[in-house]
Amino acid sequence: MRPVDPERDPTAVWKVECPTRPSRMPGVRMAGFRDNGTGLAAAGHRVVPHPDVTLFLEFGARAPLMEDTAGRQRRESLLAGPGLGSGGALWVRGEDLECVQVRLSPPVAGVVLGVSPGDLDGAPVPVEDLWGREAARIRERLSEAATWGERFALTDALLARRYDEAARRSRSADSAVDPEVAWAWHRIVAGHGLIRVDALAAEVGWSRKRLWARFHAQIGLPPKRAATLVRFDHAAHLLTAGEPAARVAADAGFADQSHLHRDVMAFAGVTPTAVAGEPWLTVDDLAWPNGGASSESPARPGRTDPG
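Going by our numbering, 30 is the number at position 30 of the sequence shown; the sequence numbering is gapless.
The reader is advised that the hints may include incorrect statements.
Calculated lysine to aspartate or glutamate pairs in the DMTMM-like style (CA-CA distance at most 25 Å, straight line) [unchecked claim]:
no.: 1; residue 1: K15; residue 2: E144
no.: 2; residue 1: K224; residue 2: E203
no.: 3; residue 1: K15; residue 2: E67
no.: 4; residue 1: K224; residue 2: D263
no.: 5; residue 1: K15; residue 2: D119
no.: 6; residue 1: K209; residue 2: D198
no.: 7; residue 1: K224; residue 2: D198
no.: 8; residue 1: K15; residue 2: E76
no.: 9; residue 1: K15; residue 2: D285
no.: 10; residue 1: K224; residue 2: D256
no.: 11; residue 1: K15; residue 2: E140
no.: 12; residue 1: K15; residue 2: D156
no.: 13; residue 1: K15; residue 2: D96
no.: 14; residue 1: K224; residue 2: D178
no.: 15; residue 1: K224; residue 2: D121
no.: 16; residue 1: K224; residue 2: D119
no.: 17; residue 1: K15; residue 2: E150
no.: 18; residue 1: K209; residue 2: D119
no.: 19; residue 1: K209; residue 2: D178
Label-pair restraints from in silico Cβ distances [stated by the list, open to error]:
no.: 20; residue 1: A202; residue 2: E95; range: 46 to 54 Å
no.: 21; residue 1: R262; residue 2: D198; range: 31 to 39 Å
no.: 22; residue 1: G114; residue 2: T147; range: 22 to 30 Å
no.: 23; residue 1: D119; residue 2: R93; range: 40 to 48 Å
Derived from the structure by calculation, the hints contain no laboratory data.
Backbone N, C-alpha and C define an ideal beta-carbon position, used for all residues, glycine too.
Model the full structure from these sequences, guided by the hints.
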């Protein structure tokens, strides 16, 4: 780990809190954020894409402003699918910000949140559009909670209740995640994106075409794009940890350093050198100490008809 640069020190920007116990649901993690009023938060943070589904539950004195390069702005709690901010096209700005951020593995996100990652279409969606008045009640309860421990417990209870309600209902096949898709996602994450789609299809006993269609519909990305995003995320965190770009390119499975440069630019909108200091990434070791994308370990599905 490289020495901390005071200008890049995430603790100078954010007060970060982590739960003392894991979520009761697999594939769900959360962290709490409060800006320290340094002015950097007001200047803005570039959103660096992540493989998980992300839920932002804001409750501070001022709602954060999320703005894209086209000038579209949102100020509310938001839900976004894998790869939010691809191309460096999204920024978060504001002062006096407080929020609980939840990361959900895509195979479990649809059940927990009530919307499939495949329906999010890469853009952030206001939580109020999905949950109605419940979104305002959540914000109020988070604001009234005296401690972060209470906020994490409230959030976990909310997500667990929604999960249980979905499990009690007879959900249609279109809203469920196939075991084969969940297995393929797990293999992509476990291998840091270094696995071929035809190999995944062979493992689950499906045709490549069927895996592509079902995975894309249920996860929100085609499998090759998902693998590329997971590989980028792994490489970006190696860069943030101070590893030289040439070594990262070799260790993360890129053809060469130019290949790494192209992928980092495509996802983050900046060079590998610049992405290593992005506050959105430098805070990850504090907020998500286990590192990597959320991943449950489903049982390997049995072989089915090729389809």
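Hint by hint, here is what the structure shows:
1. K15 with E144: holds, 19 Å
2. K224 with E203: Satisfied, since the Cα-Cα distance of roughly 15 Å is no more than 25 Å.
3. K15 with E67: Since the Cα atoms of K15 and E67 sit roughly 23 Å apart, the hinted pair holds (cutoff 25 Å).
4. K224 with D263: holds, 13 Å
5. K15 with D119: violated, 33 Å
6. K209 with D198: holds, 9 Å
7. K224 with D198: holds, 10 Å
8. K15 with E76: Distance ~20 Å between K15 and E76 Cα, so the pair holds.
9. K15 with D285: holds, 13 Å
10. K224 with D256: holds, 19 Å
11. K15 with E140: Holds, because 21 Å separates the two Cα atoms, which is no more than 25 Å.
12. K15 with D156: holds, 21 Å
13. K15 with D96: At roughly 11 Å apart (the allowed maximum being 25 Å), D96 and K15 satisfy the hint.
14. K224 with D178: The hint holds at about 18 Å.
15. K224 with D121: Satisfied, since the Cα-Cα distance of roughly 17 Å is no more than 25 Å.
16. K224 with D119: holds, 19 Å
17. K15 with E150: holds, 17 Å
18. K209 with D119: holds, 20 Å
19. K209 with D178: Cα-Cα ~15 Å, so holds.
20. A202 with E95: 46 to 54 Å: Given range 46 to 54 Å: holds, Cβ gap about 52 Å.
21. R262 with D198: 31 to 39 Å: With Cβ atoms ~23 Å apart, the hint is violated.
22. G114 with T147: 22 to 30 Å: Given about 28 Å between the Cβ atoms, the range holds.
23. D119 with R93: 40 to 48 Å: violated, 27 Å
Going through the hint list in order, the structure does not satisfy hints 5, 21 and 23.
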